[in-house]
Amino acid sequence: MLVLFLCLQTWAQAQTNVLRGRVTEESGDAIVGASVSIKGTTRGTFTDGDGKYEIAATAGETLVYSFVGYTTKEYKLASGVTMYNVALASSSQILEEIVVVGYGTQKKRDVTGSVVSVSEATLREVPAANLQQALQGRAAGLEIQRVGNQPGAGAQIRIRGIRSISGSNEPLLVLDGIPYEGSLNDINPADIASVDVLKDASATAIYGSRGANGVILLTTKKGKSGSTRVAYSGYHGVGQVANKFPTYNAEEYQAMRNISTWGNGYMPDEIVGISRGTDVNWQDLMYKSSFRTEHNLSLTGGSEKSTFALGGGYYKENTVLPGEDFTRYTFRAAIDGTVGNRIKVGLSTQNIFSYSNGSQFVSGSPLFRMMAMSPLVSPTFDDGTLNPTPWGNIDDLNGNGRYSPLMLLTENPGWIDRVRRIRTFNSAYAEVEILDGLKYRANLGVNFAQQFNGTFIPQDRPLQPSFFRAGQGNTARVGNGETNGYTLEHILQYDKRFKENHTISATGLYSFQRSQSFDNFVQKDSIAEDFVKFYNLALSTPINSNNTFLGGGESSWSLVSYMARVNYSFKEKYLLTATYRRDGSSRLAPTNRWFDYPAFSAGWLLSEESFIRPIKEINLLKLRVGWGKTSNQAIGPYQSLGLVNNSNGLGAGSTGGNITRYNFGPTIVTGYNVVTLPNPNLSWEFTNTLNVGLDFGLYRDRISGSLEFYNSRTQDILYNVSLPVTSGVAGAFLTNIGEMSNKGFEFTLNTQNVVSKSNGFTWTTELNLFRNTNKLLALTSGVMQDIGSQLFVGYSMTSIYDFTKLGIWQISEAEEAARFGSSPGQIKLADISGPDGIPDGRIDATYDRSVIGNMDAKLQGGLTNRFTYKGFDFSVVTFARFGGKLVSQLHQPFGNYLTVLDGRRNEIKVDYWTPTNPSNWFPMPQAAISPVSDAWRTLGYYDASFLKIRSINIGYTFSPKLLQKAQIQNLRLYGVADNVATLFSPFFRQTGIDPEGTGLGNQGVANPGNIRANNAGNGALTVGLGTPMRRTFAMGINLTL
Amino acid sequence: MKKWHKLVAPVLIAGMTLGSCNEDEFLREQPFTVFSVEYFKTASGFENGLHAVYSGLRFLWGPEGMVSLGSVGTDEWALAEQARAGSPGFALTLGNYTIDAANGALLTPWNRSFNNINLANALVEFAPEVNIPEATKTRLVAETRFIRALYYLNLVQQFGAVPLDLGSGELKFNQSPFQGFNRLNHQELLVKNYEAIIADFQFAVENLPDRRPTGAFRAAKGAALHLLAKTYIQRGYSTAKQPTDFERGYQAATELINNRSRYGAELLQNFADVFRPGNDYNQEILFSIERVPGNFGANEIGTPNSIGAGKGTDAHNDFCGDYTNVRAPLASSSFVPTSTRAIPYGRPIRRFCPTPWAYFEAFADKTNDARYDGSFRTMYYATTTTGPWVATLVTANGLVTSTDTAFIAAHTNAQADSLNALRNPDGTRRLKYRVVAPREFYFIGGSIDPNLTRNYYPSLSKFEDLQNIDANNQATRPFPVARLAETYLLAAEAALQTNRANEALQFINVVKTRAAFRPGLSAATVAARAERIRVRNASEITLDFILDERTRELMGECMRWPDLATRGKLLERARKHNTDVAANIKDFHVLRPIPREQLDRTQDPDKAKYQNPGY
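One line per chain: the protein sequences are A and B, in this order.
Going by numbering that gives the first Met the number 0, the first residue of the first sequence is number 0, and it counts up by one from there.
Going by numbering that gives the first Met the number 0, the first residue of the second sequence is number 0, and it counts up by one from there.
It should be emphasised that the hints constitute simulated quantities derived from the structure, not laboratory data.
These numbers come from a predicted model, not from an experiment.
Some clues are possibly wrong.
Lysine-lysine pairs mimicking DSS-like chemistry, simulated, CA-CA at most 30 angstroms apart [what the hints assert, rightly or not]:
| hint | chain 1 | residue 1 | chain 2 | residue 2 |
| --- | --- | --- | --- | --- |
| 1 | B | K606 | A | K774 |
| 2 | A | K964 | A | K221 |
| 3 | A | K884 | B | K606 |
| 4 | A | K38 | A | K774 |
| 5 | A | K615 | A | K438 |
| 6 | A | K742 | A | K107 |
Using the sequences and the hints, build the whole thing.
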């Protein structure tokens, strides 16, 4: 048989003819420039001005006729045919795209929910350590805010706003079909072929209790049948600090100090510095250039029966501060094969191994010192040796501050700050076609991750100072954590077409998932010798139990699910989807464990209707409506049980000070107290979402996009209610407290602005804009506001409740200021109300605090412009947020102690009031900046809007003709710059500091008390002192053999 | 077609097997590291609960918040340079009475008491179910109630009436998420508060062992009698007073004094030994909040060099003047031999300095009365080798082994002048070190000239921690709550208020006589000195005199503010002796404001009714 087939082919090849014909629209009008190619080869041509073509082809080969805006047609050339005319139906290419939905894939034509896809090319446009960064600003409804600039730092991902205050708002991640309980940092973006984001409940309800926050489906690259291909991609980039923190120079520092409360004059070194005109900017001395490099190699191939993909990656990045870097090695493999005609099996494995250095203690103290050390003190003595303590006050010299961070640049530090992660995520499947159209599939996912943290800080010695351990002996800490879990799914799928016009597709699922995490650590000081590091903690001096510090924890959860979904389509125009899921979770009390999640959606392909078809301008118009119910697993394991433990609620610090201890003389004992009250009634937060969407394609998809409106209502919001401490429970009480809504719209517009056939110049634009409005609708307690928990009915969950700062009392207002117990130069607060409902002439916490804004963006989005000309391509990626407030803890004096203006140290530069400088920004440097003791908080609120150029790319792709001779399939060289510029930002303009957040929750020394705490990665995003952003220029190459 | 059936069968069977596992079992939570409230009904859980209740007291004796609330803004302690410059802000506003409800120091007693009170309620409630020997159980319940009373006494002193009902009834363990605030009818509640405190201390007196363990501070009868006396006396001045209060206070105090050996308490011969480092478990101290010297983990101090965070002691630093800027041997010298901080001297964070009244009047006699020298550090050795000084300050195990004096603080200006005038035969200055005159101290009305001593003033030495590991650390010594010398002063006060003036005189003179002792003096000299400082006439004993004497004996022991406030003497004495307070102090300042955080969290739109008047 095989021999015969080969013979036939050989015979057929000899019969190559010239085939001629014409490509037209259904109306008969010629299609100019349509592609005619022969499947599986590189041979092809285009139609001429009359739609005519001519191509050499052999009988048995398949011809492919395609043109943008029309349905592609295939024709298998019959023997002896020399003329073939074809009429293409006007259609949108977009409908033919394959979209990954939960537990399967669909053509975009059949999708009735709200799904947005990001292609591989888009992901690779911004060089980034992780997917979060790559996705920022790239998809409507997908809000990604970075959380700091440390290498490999994560980002906060929110799909259509937040629905939970105390639980996670992170979307569910699904990697190759299996729920992925890991960090996105553990995925190499280069391994991802596509990202599909399910946004509305009709799409996410099949993930039931985990669907409310949206679902991100990640598909890794798979092998393709055909010849084996080797691909390499890589780049190397060099970066510089994007923006330095503005601090006072020598002259400004003295001016500030002289007017402040500081009464202790200048240090001897400073007096020398003043006489010599010394003016040190410590940041200039500390920042070095950074780099970022990435190399990926892959091997793909296979036959009709089986395919394989192998890939390896290397990524390394460091920062402008010494000692911070991140290295990641990845390895993946995927094999897919068929057994007989009805069985498919496959196996895939994703493995990462990463090191990050400096993430645990490096960035904190050096940065503070770089801001705070005296600009008047020379960094070195006259003999060129480093001045170890260049402080402007004796307290820092004697106390916590001590050593100059320049030590980190010049001395062999001897410290270790390392985190090493290993993760292996494996999946296997077997699919059996039981009957035609009926398939059974078993999926098994196994996830295992291990993390090691190790730190060592050597002893401080007179001749060998230890930067991170001034005045102390050495200390070592080793921690190990493990996460393991598995998912087992049974899926039945049935597809059937009845009587031409009816198509049905049904899916059923029964699945189990279980996951456990635990960790342990040990910390020990008085290690015998510094060179021992943390490798043998027994080589140490057990002076007393003080130098040993132990800890650990465990949590596990499990989930059982049933799911059914039916898709029905009539004439491929009218589409219906119904889904149902039932989830049982271990996290809830047994009486309250199982919940159901229904969803319905419908689609109508208007452009297939006879009343739209004649309108040539419209080639796609599709209306979608969906409703569904979902929830999020916002309750941690064991939370319904109540909690008694030995934690004292304090920081562990370096000594393990977080365990409740007491002693009776030398006998040390441990104390246990109630930290959480039991609550068997805890339930999920349920979200009902209504979504209306419109997909459109105009002018043969030259203009395409979609518009979505949604309204979601979340009930039974969980909240850690901060009880009055007089309730006798120090911890917060997690309970279902109320309702909130998220409403919004999303707009995506892709345009092909210029498509020139003559010289290959093209210009395309991708725009996405979206807005989400969050509102707390009700609290079950019936109250309109719970200030202690920062809940305000009728306002956003991110509301800021505080006094209103009007400015600074000016000299001309002295009399009025005095009535408020204030004086010129102090913060001027608004007298909003009083006991009688009108301003009462005094500033009072009860009557003069109000919701002064929230942290939500009013509008956000991204804009990407791409240009190609011949082999060149050029793209600019911008993204923006407009509206909302940011909280800068740098500008809250007791947040970071860097705008206290007490003259003790150098600080972040602000425009403060003096009798001759009537600033309205910061008060005069003095002991009392307001008679209201927490008025300092009001100095930290700013407009969060910004518009940034995220990256600029320029590349050149060599022509295939040239490459063919060198046996190269594809070769592209490119250059890319990231964090190019901040085009607009009121905060940046005023303060000189980047408006993107550096951390979650309170990052300050003194907690302002009105910043949402960081539960479950859910804290308010605030600006504090963190590793500064880098601007990197990279050169890269993509090569396929 | 046959082949695939063979493959499918095992997969399907495997699937069904896993599928048929018991879902309820699969979903059952089995925590390893989490306990429930039932734990407190076990023998070890009951004791570990009591440990937590004890441990909470560490917040209230030693950390900066409570040191500030107990000391500044009184006749004894004024704002030192750092607090005056606004660091920390809460100390400034406590010191000058611009305090508002957001003052951070208030959160220490407020936020750290009720959860421990609630746990104490649980232990008392669960005790009948706990399987331990009855005698042990009674003692542990008595300890629990003793500590509960201590929490309440402390709260009542600062805030007036506070809730007894935390959500489930008075003195009942509350497990409901109660968002109310049972603090209406202040007067009625205050009466109940005192009744509860007295009942607890009374129960403790009846059920605790006579003596505390020799080397440890578990609650015992002596401490309970002392605190019972103190509570009665305090109530005697309050609006909740009962006619028998001073009499009962007198009885409790004299019971302890008259049966000192039974209760294992005795005054030490040398005042300075009471607070001598390493002598923390001496007989005079009835009850201290314990800490383990040098062991930060055991003391719950996460970051030893932080200030005011958590459970470590800051008292050794809060009263510490800046010795690191004092030039020597002359104000005009270029050497600062003490520029490096040293463990015995502490971290000069200079929150509070003595008022001129305390320095010049209360401690007018610094010679015959040894208590000034026993309470303040006046001599400093060089800590840095510079110029002619050699820093030989060695703190191996906390002990100074070699010395080179850098400066001393003179008792009087005259003394300083004469010492500084001493000359060698060749006309050079006799003393190698500097003698700082009181006029050079950083005091209100005194010098703040940076060229003299900058921010130096005599620093309280009572809490110096020689076993510390770094000069910047929080201290790790036990912190005394009750000592026998104060029992004598309480007895004297109760005697005075019950018309036993002669007895009052005797009690005062016991304390005075001890104060005359200094090691190395002959018995005759001590007796002569005692004679010079003793009170001769019972008519001299007034409440003001007793308060003066309390300063001499108890200066810096973090109880001055409640001492004055509960006796109705705060306004008068603070106005008279502390120029920081005069401008702002008002009548309502005898109670602290209820913290704003508490009111913010209370579910009631009318929050004003819960607040103390004036705030």
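Here is what the structure says about each hint:
1. B:K606 with A:K774: The given pair, whose Cα atoms are some 26 angstroms apart, holds under the 30 angstroms limit.
2. A:K964 with A:K221: holds, 28 angstroms
3. A:K884 with B:K606: Holds, because 29 angstroms separates the two Cα atoms, which is no more than 30 angstroms.
4. A:K38 with A:K774: Violated. K38 (chain A) to K774 (chain A) sits at ~54 angstroms, over the 30 angstroms cutoff.
5. A:K615 with A:K438: Between K615 (chain A) and K438 (chain A) the Cα gap is close to 41 angstroms, so the pair fails against 30 angstroms, i.e. violated.
6. A:K742 with A:K107: Answer holds: K742 (chain A) to K107 (chain A) is near 25 angstroms, not above 30 angstroms.
Taken one by one, the earlier hints fail for this structure at numbers 4, 5, listed in ascending order.
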